[in-house]
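Novice: Same order as they appear, the protein sequences are chains E and G. In terms of the UniProt record's numbering, the first sequence is residues 1 to 189. In terms of the UniProt record's numbering, the second sequence is residues 1 to 189.
Take the hints with a grain of salt, since some may be wrong.
[Claimed, not checked] No more than 25 Å apart at the CA atoms, straight line, and that leaves these computed lysine to any residue pairs for SDA-like:
1) G:K91 - E:D103
2) G:K26 - E:R18
3) G:K91 - E:E9
4) G:K91 - E:E17
5) G:K46 - G:E9
6) G:K91 - E:P94
7) G:K91 - E:R111
8) E:K26 - E:E9
9) G:K26 - E:G22
10) E:K26 - G:V21
Just so you know, the hints here were simulated from the structure itself, not pulled from any lab data. The structure presented is a predicted model; accordingly, all values stated were derived computationally and were not measured.
Protein chains: 2
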Amino acid sequence: MDTRERLIESTRELLWERGYVGTSPKAIQQRSGAGQGSMYHHFHGKPDLALAAITRSADELRERARAAFDGPGTVAERIAAYLRRERDALKGCPVGRLTQDPDVMADPELRRPVEETFAWLTGTLAGLLAQGRAEGELHPALDPAATAAALVAVVQGGYVLARAAGSPQVYAQAVEGALALVLQQKENR
Amino acid sequence: MDTRERLIESTRELLWERGYVGTSPKAIQQRSGAGQGSMYHHFHGKPDLALAAITRSADELRERARAAFDGPGTVAERIAAYLRRERDALKGCPVGRLTQDPDVMADPELRRPVEETFAWLTGTLAGLLAQGRAEGELHPALDPAATAAALVAVVQGGYVLARAAGSPQVYAQAVEGALALVLQQKENR
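Bound conformation, chain E alone (with noise of 0.2 Å):
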C-alpha cells in the first residue's frame, strides 16, 4: 500500500473507531506511518482527508448491499440476504456512524455522501419491495417506501442495541423480527 492509500485506510478506521472529532491529524499519521509533511501533500487537511475515506466507506455499503439485492432468490431471499449477511454489529456502521458527528453533519461536503447512501439504499430497496408486491410475493397493503425505511431503520438501530448490550445477539434479533413482519404477512394472504 503506497502512503496515500494507507492515510485513507487508517482515517477510515480511526473515523468508524472515534468519529470525526476524536480522530485527530496526529493520530492519522502515527497510525498510518505517515509523517506530518506527507500528509499534507496528499491531502489539504483533515477534511480533504476525511472526504475521500467517508466516500470510500459509503461506497463500500453500497456495493456490499447491492451484491445482496441483486444475488439469486426470490424478493424475499434478497432481501433477507441483505439483512442477514455478516456483519460485525459491535462495531457498527461506519457510514451511519457518522450522523452522530456534529462536524461531519455540519459540512455540506462531508455530509453529501453519507446522504446519498441512505438516500440510495432505501429507495433501492423500495424498489425491490415493490417488485415484491408486483409479482404477488409480498402483501398488496404493504407500502415500499415506508417499508424500506424501517428495514433501513432496523440495520443501523440494531447496531445501537447491540453495541449498549455489549452483545452483537439483539443486532440479529431485531433484523429477524423485522423481517418475520415483512413474511408473516405473505403468509397471511
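With chain E fixed as given, assemble chain G onto it according to the hints.
Specialist: Chain G in isolation, oriented as in the chain E frame:
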C-alpha cells in the same frame, strides 16, 4: 438552578450534541457558567459528572416511554403512541447516541445506564406485545421479544436516517412503516 444542577444539565446537552470525546471540562464550565473549582467541588471529574448526566437522561427516557406504555387505549394504540410521540428526530436520542462514544462504551460504569435503559425498553415493549397477542389483538405468531427489538431499533435507526437526510420526515416514515407491519398482521387474522 443551583450550580450542581447547571453542571449536570450543561453536561447532558454537550454529551447529546458533541458526544463524550467532544465534551471538554472547559466546555462544561463555559456552558454552565461554573468555575473549575466549583466543578471539582461538586464532582470528582468528567467521568463522575458524565455519569450523573447519563443517569438523568436514561431516567427521563424511561419516564417518557412509561407514560406512553401505561397510557389509555388498546395495546396497538399504546405502542403507536410510543412510536409517534413527539421527538426531535434531528437531535437524535441522548441515550442511544452514547453507544457511538468509545470512551463511554469502554467504561462499565458509564455504559451500565445505557445498557439497562435499552434492556428495560425492549423488555417492557415485549411484555406489551405479548399482552396484545394473548388478548387476540395481535397476530398469534408474532414473536414479542424479536418484534420489540425491531421496534426499538427502528426508533434508534430512524434518528440515523433523519440526520443523514437532514429531515425528520424519514424518521416518521420508518416508524409508520414498522407500525403498519405490526398492525397489518392484525387485520390479516
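Novice: Now look at each hint and say whether the structure bears it out.
Specialist: Hints, one by one, checked against the model:
{"no.": "1", "hint": "G:K91 - E:D103", "verdict": "14 Å, holds"}
{"no.": "2", "hint": "G:K26 - E:R18", "verdict": "21 Å, holds"}
{"no.": "3", "hint": "G:K91 - E:E9", "verdict": "30 Å, violated"}
{"no.": "4", "hint": "G:K91 - E:E17", "verdict": "21 Å, holds"}
{"no.": "5", "hint": "G:K46 - G:E9", "verdict": "13 Å, holds"}
{"no.": "6", "hint": "G:K91 - E:P94", "verdict": "19 Å, holds"}
{"no.": "7", "hint": "G:K91 - E:R111", "verdict": "16 Å, holds"}
{"no.": "8", "hint": "E:K26 - E:E9", "verdict": "15 Å, holds"}
{"no.": "9", "hint": "G:K26 - E:G22", "verdict": "17 Å, holds"}
{"no.": "10", "hint": "E:K26 - G:V21", "verdict": "16 Å, holds"}
Hint 3 alone, counting from the list given before, is not met by this structure.
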